[in-house]
Amino acid sequence: MAKQLVDALKNGTHDLNQLQNMWTTGTGFADGLDNPGKVLRSKTSASPTASATVQVQLDDMLVNFSDEVYANWNTDAVAGTGGEYSTGNSGRIIHINSKGMEIDQCFAKSLIGALCLDQTVNKYCEASYQAGLNNVDRDPAEDNNATEMEHKWDEGFGYVYGHFGPENINGDLSADALLGKYLNKSGFETEKEAVFEAFKLGRAAISHSEPDAILRDAQSVIIKAEFSKVIAAKAVAYLEESADLLETEGGFSADYFHALSEGWGFILSLQYTDWYSNSDINAMLAELEAGDGFWSRTATELDEMAASIKSVTGI
Amino acid sequence: MLLALDLFYLHKIIKMKKLLYITTTTIAILFIGCSSNEGQINPITDGYDRKSMLVNIADNIIIPSYNNLDNKILDLKTSTDIFSQNITTDNLYDLRDKWLKAYTAWQRVEMFNIGKSEEIFYIRKMNTYPTDVPRIEANIESNSYDLVNQSNNYDAQGFPALDYMLYGLNGDSMLVLDKYTSNNGYKYMSYLADLVLNIQQNTNLIKEYWNSNRDAFVNSDGNTATSSLNLLTNDFIYYYEKGLRANKIGIPAGRFSSSILPNKVEAYFRKDVSKKLALEAINACHNFFIGKAFSSDQTGESLRTYINYIDKNNTLSNNIISKLETAREKIETLNNNFVEQIETNNMEMLYTYDAVQEVVIELKTEMLFSLNISVDYIDADGD
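Residue numbers (our numbering), protein chains in the order written: chain A, 1 to 315; chain B, 1 to 383.
The hints are simulated quantities; they were obtained by calculation from the structure and are not laboratory data.
No farther apart than 16 Å at their CA atoms in a straight line, the calculated lysine to aspartate or glutamate pairs in the EDC-like style are these: (1) K200/A with D212/A; (2) K43/A with D381/B; (3) K101/B with D75/B; (4) K310/A with E241/A; (5) K271/B with D97/B; (6) K123/A with D381/B.
For each label pair, taking beta carbons as the anchor points, the in silico distance ranges come out as: (7) V63/A with N183/B: 43 to 53 Å; (8) F121/B with G291/A: 49 to 59 Å; (9) N211/B with S277/A: 41 to 51 Å; (10) A307/A with F121/B: 53 to 63 Å; (11) E332/B with A307/A: 37 to 47 Å; (12) A307/A with P64/B: 52 to 62 Å; (13) I361/B with N11/A: 35 to 45 Å; (14) I214/A with N219/B: 34 to 44 Å; (15) T81/A with E332/B: 35 to 45 Å; (16) S259/B with N145/A: 34 to 44 Å.
The model shown is predicted, which means the values in this text are computed figures rather than measured ones.
We put the CB at the ideal spot given by N, CA and C, even for glycine.
With the sequences and hints as input, model every part of the structure.
Following this line, the structure appears as structure tokens:
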């Protein structure tokens with residue numbers, strides 16, 4: 001579902017109403033994916049500690065896409081005007097808004113934090129949420145005989161290892177478009193292993209004949225810490241890559257806008273870790289969007305922001 | 001054990017749709033005989049004098065607050081009687097003034113839902129909004145309705161219904177008077193009088209309850225699900241989460257829906273007192289938390305002193321007070337008229353929501369854990 005919405009933003013196949021339908025009502029998807037019970041927006045930045053403003057930021061992003069990108073799909077983008085852009089050595093073709101933001105990338109990478117990370121570590125697997133769940137009653141007709149506590153832990157698991165949406169019957173992490181995908185990438189083998197072990201151990205702690213809440217909560221902390229490292233590392237990597245592209249290509253390439261858009265989304269996602277608050281992040285995003293946005297950034301600015309994140313997070 | 005877990009999760013990854021569980025003997029062992037102590041309260045005698053807190057809260061906050069409300073309702077009743085005898089603009093204005101004073105007094109007590117209050121659905125009858133306009137009009141037309149026992153009428157009475165009767169008739173607060181002077185005016189006047197009468201009678205029941213049950217309340221000083229302090233604390237947190245955070249701010253700002261819902265603000269028809277009522281409410285929460293008396297600046301035993309006693313330091317309680325202050329300041333920055341705020345700059349409502357929400361986390365996780373009190377409700381998000 002998230003993938004279909006992001007693809008729609010990437011390929012310019014849906015107008016604003018259609019995008020908003022997918023985002024807010026769980027309908028309008030192709031291939032029988034419609035599910036009014038699973039609404040992306042209502043699960044995004046929805047945990048108790050998540051800001052209520054991020055859903056609106058993403059609402060506005062869809063409107064901005066419609067106004068500045070979709071409306072100019074076939075015209076060339078320049079600073080201050082959205083459209084199509086393909087300058088640069090790689091020949092990549094992208095569509096950006098007036099500030100050089102490739103909206104599908106910004107949106108998708110934002111969901112990694114605001115949807116996947118937030119739901120998993122700040123809600124389903126989070127200690128106080130888990131503590132309030134029933135771990136005694138089972139109903140063979142419900143949730144496959146899992147207790148409420150087991151079931152919710154598994155939901156957290158599902159936000160990472162499964163598509164958010166209909167069955168991913170191959171369970172293949174590489175087919176996932178969001179958090180699972182990044183966990184599966186090279187460079188994160190340690191984190192991938194640690195997260196999987198923590199999910200298993202936490203689940204065992206719940207299901208054991210003598211459930212161990214302390215052990216479970218310790219796994220929850222590990223899961224959050226490991227995922228947070230992945231997100232911070234990607235934010236830094238995309239900032240540094242963008243800075244490099246500015247220097248090596250001597251101008252604004254499509255690859256640059258693409259990379260920085262991804263970085264933007266990972267930076268937004270950082271507010272769901274313990275390192276940054278919503279206002280911290282908005283300040284960083286405002287720096288990236290100042291002036292003509294990505295058209296106005298310098299390699300120095302981007303490298304400095306990357307260094308700052310490294311310093312705060314210890315990456 | 002871990003090999004079984006590997007198999008377990010490997011199969012889970014493969015069959016993600018329903019998270020099917022492989023029922024091998026090994027795996028089955030994981031599920032047999034699960035038991036959990038979570039959710040049970042272990043009565044701990046921490047040595048804190050809970051009764052002293054209950055006495056302070058009951059005598060210096062709850063009872064005086066209900067008395068104050070009762071007095072304001074009496075004024076409201078008198079003003080209603082005068083208006084019914086003499087339907088003039090001046091009398092309508094005076095009635096509106098008394099309504100606001102009573103509604104303001106109400107904000108101090110909505111967090112309490114003990115005994116009789118819970119029994120007669122007092123809060124639902126006094127302040128369910130948005131009010132159901134078609135239902136009110138149908139009641140008026142038929143002149144046959146039950147405001148006491150009929151739950152469908154909870155949202156056709158109380159302060160929100162009065163808001164409609166004083167500001168919403170004819171769709172324009174400037175044209176309200178015409179409704180009362182029209183041919184059907186006597187029907188509207190009758191319903192108006194009935195609303196006020198019910199508000200008064202319901203409040204009387206609560207007052208009587210506290211007159212006769214105050215001792216039983218303060219003497220119930222244990223730590224079980226039905227002890228006074230547990231009920232009181234749960235009511236307080238539930239109110240903060242639902243009555244204040246969700247009802248006044250979150251729901252209208254669209255936090256729990258896909259669009260804004262400005263028609264769901266408190267005092268929707270009057271429009272420009274939503275902020276005033278919200279401030280009164282958060283002040284009431286602050287005062288309750290620090291055990292400040294209704295009619296003086298004196299503070300006594302309270303959740304704050306209890307937390308400080310358990311923690312042997314003031315860190316958590318100061319944190320809560322500081323966050324309450326931040327939330328209050330945020331509310332202060334909003335437009336008096338929440339409808340206008342939501343429609344012109346809803347982000348500020350959402351930032352206010354965030355600030356209010358931060359206190360929820362402290363109350364529900366840190367404070368309840370510190371005091372070893374369990375939550376007794378499921379969730380207090382949108383309706």
